[in-house]
Amino acid sequence: MTTKTAPDARAVVEVLKAYDTFCVSTHISPEGDALGSAVALALGLRAAGKQAEVVIRDRVPPYLDFLPVQGVVAQHPALPRRYDVLAVVDCGDLERTGLFTAAPPPVTLVVNIDHHLTNRGFGGLNWIVPDATASGQMVYELIRAWGVPLSRDIALCLYTTLITETGSFRYSNTTPSTFRMAADLLDCGVDGAKVARALYDRNSTGRLRLLGEVLRGMERHPGGKIAWVTLTQDLFKTTGTSPEDTEDLVNYPRSLNGVEVAVLFRELNPTQYKISLRSQGRVNVAAVAEGFGGGGHRNAAGCAVQGDLSSVRTRVLSAVEAATAREAP
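Here my numbering is used: the first residue of the sequence shown is 1, the next is one more, and so on.
I should point out that these hints are in silico values taken from the structure, not numbers from a laboratory. Be aware that one or more of the hints could be misleading.
In silico lysine-lysine, BS3-like type, Cα no more than 25 Å apart, as pairs [as the list claims (entries may be wrong)]: (1) K50 / K17; (2) K17 / K4; (3) K237 / K194; (4) K50 / K4.
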């Protein structure tokens, strides 16, 4: 497959203008940046006169049900038909969409729009900006470069990408351009307080009970710079929760004074665990995740590791310890 790299949003727009039908997708278990970017891009393409829809493998998480997904997002195990363009946002690897096996997508062009440092450049057209605050910031620049008006629905999606990706403007990826973009989106009619309430003030009883159990079992490395929590299938059963209720839980051990890296071990089955890694900035957890076949950003990354909990924990924490000793002695 011939691949090209786009230098900026305008170059992407010039390519997209030549096509008519678009499928927008993102990674499995989409969070705020993934889903917000995908829906915003689809709505922007529609505003530009194109046919566009979002196709994802998993359902829309309940905590993101305030986004304008009706008539835009469809849940399918594979692409339901042929499109001119498959635009994949916020996804480091095409397989992470969960929509494809070994067969190539039934499209003319795959466009890869992402801000992950470990993105593999899988598209026919790749626009990858690791320094972007969020994939939503890239979609914002694309829509602005196209000259499409920012509707309130598009602005709502894009504002959600910023809030979720920056931890409500608390993380180091928050820059002056982040605030300028946020101000522009608020000028488009977004109610920032309403978005915050939708994201953070709708906890279920089960989620809070899950949080309590997770924090009860929190552990910390003797050196104090690494902390971790563990989520088992039994915990989900006893609290009546699901993996959708784990969003942001890894940031609780990360918030401990003196911690450089936080780790969440989530049981997928007795011999496989999903690992979420968060850094305060000094330790590159993307490099740690890559060592286990995963990826992400310098400060937020993940992977899946085979083995029982004891062996997985030992291997992952050893890698984290080595990275911490090297980068945050």
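Satisfaction of hint between K4 and K17, Cα-Cα up to 25 Å: holds, 16 Å
Hint consistency between K237 and K194 [alpha-carbon to alpha-carbon, up to 25 Å]: Status violated; Cα separation ~31 Å.
Holds or violated: K50 to K4, with C-alpha atoms at most 25 Å apart: Holds, at roughly 23 Å.
Given hint K17 paired with K50 - CA-CA distance at most 25 Å: holds, 9 Å
Going down the numbered hints, you'll see the structure goes against just number 3.
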